[in-house]
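Q: What follows is each chain in one-letter form.
Protein chains: 2
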Amino acid sequence: MDAVDRRIIAALREHGRATYAELGRQVGLSASAVHERVGKLETSGVITGYHAVVNPSSVGLGVTSLIGIYSTDTADDEDVAEALARLDEVESCYRVAGDESFIVKVRVATVDDLERTLGRLRRIEGIARTRTTLVLSTRFEGRPNTSEVDDGDE
Amino acid sequence: MDAVDRRIIAALREHGRATYAELGRQVGLSASAVHERVGKLETSGVITGYHAVVNPSSVGLGVTSLIGIYSTDTADDEDVAEALARLDEVESCYRVAGDESFIVKVRVATVDDLERTLGRLRRIEGIARTRTTLVLSTRFEGRPNTSEVDDGDE
DNA sequence: ATTGAAATATTGCACAA
DNA sequence: TTGTGCAATATTTCAAT
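Protein chains in written order, with the UniProt record's numbering: chain G, 1 to 154; chain B, 1 to 154.
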């Protein structure tokens, strides 16, 4: 992984559909070379995927919440994580340090759906209780931090 | 926005670099038709962008934390949000209901960097204090919830 | 990493359902 | 209006170097 790889990554983080030809022009390489580099970044697990980002309310998922998950004393957190993964509405899941075992981000259509999700969460073996924080608005999300892609050498 | 649009969106959420030709094969439309539909979804703000997802530690951002922001009594939350947006290491920013005004997700290279970021946060006008939850591991993140894309009619 | 070449994809446009 | 088919570019993807 050199500076060129990092520039390609930064470009793809901002513009996931950039063509290899475009990327090549940006970094001063042929499309083929970029193609091969990106392929290697993908198979080595540096780039894990490409996703379209959608305005949640326009796909009927207007209610976002951040939910802290408290485990029971005897819980196996691995099992809890798997149970959380089985719920479609759980978009992200973080294992955290502190009183809570996990913090998850949940996106649903309505507060009624949120209530249903909370019910499902509480019924998961190993979950003692939950603490819900409702998101009023998302100022920004998943913004690429490219601060480390600063190369001195060019 | 019809069922075909929803299927295209679902496909692009999973596979952001899918070609129009590929998408067309999936939904039974010509590449031209898909091209036009996607263009409209983009200009109407349904699809807001495409991004490569990168393994954070492989780009030197191995430390993730979720930080609750408490505002002062006199704070203008709009100003606070703008100040938060100016910090590169703040990847996501949610305005929330509850004791905290915002919850932000911060990604940095080391705990030293985290300490520096916390210092920057506390120096922002309008922020009274912060509450940091360290992420031990990310089980999954930004997973597309396609549960609402269930069409009965096909 | 490059070049060259064949296969594939993009994208504008005329026209048809 | 939305989709199709076509044609001109452009891109992808290989093999050879």
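Keep in mind that the hints were calculated from the coordinates and are not lab data. One thing to keep in mind: the hints can contain errors.
Computed spacing ranges between beta-carbons, pair by pair [claimed, not checked]:
{"#": "1", "chain 1": "B", "residue 1": "Met1", "chain 2": "G", "residue 2": "Asp99", "range": "39 to 47 Å"}
{"#": "2", "chain 1": "B", "residue 1": "Leu134", "chain 2": "G", "residue 2": "Ala31", "range": "38 to 46 Å"}
{"#": "3", "chain 1": "G", "residue 1": "Glu36", "chain 2": "B", "residue 2": "Ser58", "range": "16 to 24 Å"}
{"#": "4", "chain 1": "B", "residue 1": "Thr110", "chain 2": "G", "residue 2": "Arg116", "range": "22 to 30 Å"}
{"#": "5", "chain 1": "G", "residue 1": "Val111", "chain 2": "B", "residue 2": "Gly62", "range": "33 to 41 Å"}
{"#": "6", "chain 1": "G", "residue 1": "Glu22", "chain 2": "B", "residue 2": "Arg122", "range": "37 to 45 Å"}
{"#": "7", "chain 1": "B", "residue 1": "Ser58", "chain 2": "G", "residue 2": "Arg25", "range": "52 to 60 Å"}
What the simulated footprint calls covered on chain B by chain G, stretch by stretch (three residues with Cβ under 8 Å from a Cβ of chain G suffice, anywhere in the stretch; the number is not a length) [claimed, not checked]:
{"#": "8", "stretch": "23-32"}
{"#": "9", "stretch": "59-73"}
{"#": "10", "stretch": "80-90"}
{"#": "11", "stretch": "97-105"}
{"#": "12", "stretch": "135-142"}
Covered stretches of chain G (in silico footprint by chain B; criterion: 3 or more residues with CB under 8 Å from a CB of chain B, positions within the stretch not fixed) [stated by the list, open to error]:
{"#": "13", "stretch": "20-33"}
{"#": "14", "stretch": "69-75"}
{"#": "15", "stretch": "94-104"}
{"#": "16", "stretch": "123-137"}
C-beta atoms are modelled at their ideal positions from N, C-alpha and C, and glycine is treated no differently.
Q: The structure should be examined with respect to each hint, and the outcome stated for every one.
A: Right, here's what the structure says about each hint:
1. B:Met1 x G:Asp99: 39 to 47 Å: The hint (39 to 47 Å, Cβ to Cβ) holds, given that Met1 (chain B) and Asp99 (chain G) are roughly 42 Å apart.
2. B:Leu134 x G:Ala31: 38 to 46 Å: Once the Cβ atoms are compared, 42 Å apart, the range 38 to 46 Å for Ala31 (chain G) and Leu134 (chain B) holds.
3. G:Glu36 x B:Ser58: 16 to 24 Å: holds (18 Å)
4. B:Thr110 x G:Arg116: 22 to 30 Å: Violated - the Cβ-Cβ distance for Thr110 (chain B) and Arg116 (chain G), about 41 Å, lies outside 22 to 30 Å.
5. G:Val111 x B:Gly62: 33 to 41 Å: holds (36 Å)
6. G:Glu22 x B:Arg122: 37 to 45 Å: Since the Cβ atoms of Glu22 (chain G) and Arg122 (chain B) sit about 41 Å apart, the hinted range of 37 to 45 Å holds.
7. B:Ser58 x G:Arg25: 52 to 60 Å: violated (25 Å)
8. 23-32: This one is violated; 0 residues, fewer than the three required, reach chain G with a Cβ under 8 Å.
9. 59-73: With 5 residues closer than 8 Å to chain G, the stretch 59-73 of chain B meets the three-residue bar; holds.
10. 80-90: Check passed, 6 qualifying residues.
11. 97-105: With 5 residues closer than 8 Å to chain G, the stretch 97-105 of chain B meets the three-residue bar; holds.
12. 135-142: holds (count 8)
13. 20-33: With 0 residues closer than 8 Å to chain B, the stretch 20-33 of chain G misses the three-residue bar; violated.
14. 69-75: violated (count 0)
15. 94-104: Held - the stretch 94-104 of chain G has 8 residues with a Cβ nearer than 8 Å to chain B, which meets the minimum of three.
16. 123-137: holds (count 5)
Checked against the numbered hints listed earlier, the structure breaks hints 4, 7, 8, 13 and 14; every other hint is satisfied.
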